[in-house]
Amino acid sequence: MIRQLVWSYVLLVAVAIAAFTVPVAFTLNNQLYGDAENTARREADTAALLLASGDTRSLSALVDAYERQTLGKIDVLGPEVPPGKDWDSEGLKLTVQAARPDGTVVGAIRLSYPDDPIIDRLWYIWGFRAALAVGVLVVAAFLGLWLARRVTRPLRELNAMAGRLRDGDLTARAEETGPPETRTLARTLNTATETIGTLVGSQRAFIGDASHQLRTPLTALRLSLDNVADGVDDPHVREDVEMATAEVVRMSRLVNGLLALARAEANVAHPEPVQVLDVVAERFTAWRAAADERSISLVSEGFDIRVLATPGHLEQVLDNVLSNALEVSPDGGTILVRTTRPGLLEIIDSGPGLPDADRARAFDRFWRGQGLTGKGGSGLGLAIVKQLVTDDGGSVGLAAAPGGGLCVRIRLSPA
Amino acid sequence: MRVLLVEDDEPIAESLTRGLSRYGFEVRWVRTGAEALADDDEAAIVLVDLGLPDMDGLDVCRELRARGDVPIIVISARSDEVDRVVGLEIGADDYVTKPFGVREVVARMRAVLRRVQPSVKEPAQQEHGRVRIDRRGRRVHLDGAELELTPKEFDLLSFLAEEPGAVFTREQIMEAVWDENWFGPTKTLDVHVGVLRRKLGDAASLETVRGVGFRLVLT
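Taken in order, these protein sequences are the chains called A and B. Here the working numbering is used: the first residue of the first sequence is 16, the next is one more, and so on. Here the working numbering is used: the first residue of the second sequence is 9, the next is one more, and so on.
Keep in mind the hints are simulated off the structure, nothing from the lab. Errors might be hidden in some of the hints.
[What the hints assert, rightly or not] Calculated Cβ distances over 10 Å to all of chain B for the following chain A residues:
1. Gln19
2. Ile32
3. Phe35
4. Glu52
5. Asp117
6. Thr186
7. Arg230
8. Leu236
9. Asp241
10. Asn242
11. Asp248
12. Glu257
13. Val264
14. His285
15. Asp346
16. Gly394
[Said to hold, decoys possible] To give an idea of the interface, some chain B residues facing chain A are shown, with a C-beta separation under 8 Å as derived from the structure:
17. Ile20
18. Arg30
19. Gly59
20. Arg86
21. Gly109
22. Val110
23. Thr177
24. Thr196
25. Val199
26. Arg205
C-beta: ideal position from N, C-alpha, C; glycine also.
Generate coordinates for the entire structure from the input sequences, incorporating the hints supplied.
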């Protein structure tokens, strides 16, 4: 922006200089040549008068003096030469007839004057002007730079504010100063931030309310069922009550899942650089016991990449994906986590994989696979993964692994 | 034993009162923070809900803690890590998130009471048939021989043994034993349960209650 502004200043000044200079150039050239011609004509006329009066001594003195003092040359010719004026490559050739007062032509004077001095003079003048123009342009560029910085300062401040907003600082406000355009922009931006702040605030409030409102009746229900179960001895009734309790617990899990998802959505991300292999190693430790139980090996390979992720997000993402992977992998299988520069993380299981149609839908909320993970899950695990990864400016996709399993590809911005 | 229950939701308070009475607790129920602070009968333990109509439950905790060292358990629908940390920082002894069952609360209350007043309460050693749990020494004996348990395995067993026969949900066990409350996989739990089952053999069985969680049945 600053560069463009400076260029346009310089261009404008250049156009102005050209507009003022080009017409002057023609006038100046004409004037210089005209002056030279007038001078030459005066000399030639004088010489012609002297020739007509027959004063040869004065004539030769004049010719001598002229040729000594200037670069020109005067020739005395016969009366048959016609008068005329001619600029050629050597310069001016001016022929004047010498006529007596009674009209008889007695001869002619030809004055030759080279145009080198004129051309030199022109070069000098134009060189000076060109240097001046370059100087003016340089000054204009510096002046333009200063002006452009001044003009764009409010924009840079707005940009800084928008940057804070991007980093999740909803209290960021731009100062409403500068020219009217930027002032309006600043005001609009401030209003927009205000609105976003209100929306995020109300979303958070909703999450809090919803969590309270949904959990309270579930608690009451759960407690009542416990009381019922404690009060009866009939094993059939107890079994029924236990089933009812199981449903309450299931519903609680669903509520928790929904709230986790809603919280992830309302959360304004503050991504920070994260050493991926450290997180992978940490989560592997947590899952090692579960994997060992079924002799599944957890393997990580690749570069130790650094990516931008909100603290806790990558952990949750890995937990959800590894949980699925463990669920589908056969006993003795392998789960491979592979990191590739700049920010690719792949989790490959040795399960049966997913058909194309399912792969497309797997990130939908409440989607549950037909196969191994479907029965017990809430259908929210991958939806949460997607939300968290997207929050951190990344993307996630599913692909078929070469060995037949499923490959979860997570791309995050490299730090 | 007297329990002060500070909870504004009537159905919860009623069911909890009834449930706790069955376990021998004498419950005094108040709806507001002001009433809770005005209650001058000596309560052995206080259960405080965070969402009270007149003031924040955390303020009630802080005030109670300033007055004395009565054990406080926060019961809350807010399960955010921040809320838990703040609650525990302010002086609560434990944090139970809704929804919970009666026996879970009882188990947590007993654990807290034992931790807070080790001398007064039940003996630190607990005999369950062939299994003896020594909470102070963090040791478990099976038929007189010591069982090798990892710290988490011990925590899990001793938590389930607070209320033998009671079903605990996975979430509540994770919260109590791992001190984590997160939506997500609880597979670690299955593994530890598996190991415990192997180590305990037929002296006790850790039953899986489908869709809910686990319970310890001692034989």
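Hints versus structure:
1. Gln19: holds (48 Å)
2. Ile32: Label holds. Min Cβ-Cβ 67 Å, cutoff 10 Å.
3. Phe35: The claim stands: Phe35/A keeps its Cβ more than 10 Å from every Cβ of chain B (closest is about 71 Å).
4. Glu52: holds (96 Å)
5. Asp117: At about 124 Å from chain B, Asp117/A clears the 10 Å cut-off, so the statement holds.
6. Thr186: holds (19 Å)
7. Arg230: violated (4 Å)
8. Leu236: violated (8 Å)
9. Asp241: violated (4 Å)
10. Asn242: violated (5 Å)
11. Asp248: holds (13 Å)
12. Glu257: Answer for Glu257/A: violated, closest chain B Cβ roughly 7 Å.
13. Val264: violated (5 Å)
14. His285: holds (15 Å)
15. Asp346: Consistent with the label, Asp346/A stays out of reach of chain B, its closest Cβ about 14 Å off (over 10 Å).
16. Gly394: holds (13 Å)
17. Ile20: Where the cut-off is 8 Å and the nearest Cβ of chain A is about 5 Å from Ile20/B, the hint holds.
18. Arg30: Interface hint status for Arg30/B: holds (6 Å vs cutoff 8 Å).
19. Gly59: This interface hint holds because 6 Å falls under the 8 Å limit.
20. Arg86: holds (7 Å)
21. Gly109: holds (5 Å)
22. Val110: holds (4 Å)
23. Thr177: Given a least distance of 5 Å, the restraint on Thr177/B holds.
24. Thr196: Given a least distance of 6 Å, the restraint on Thr196/B holds.
25. Val199: holds (4 Å)
26. Arg205: violated (11 Å)
Checked against the numbered hints given earlier, this structure breaks hints 7, 8, 9, 10, 12, 13, 26; the rest are met.
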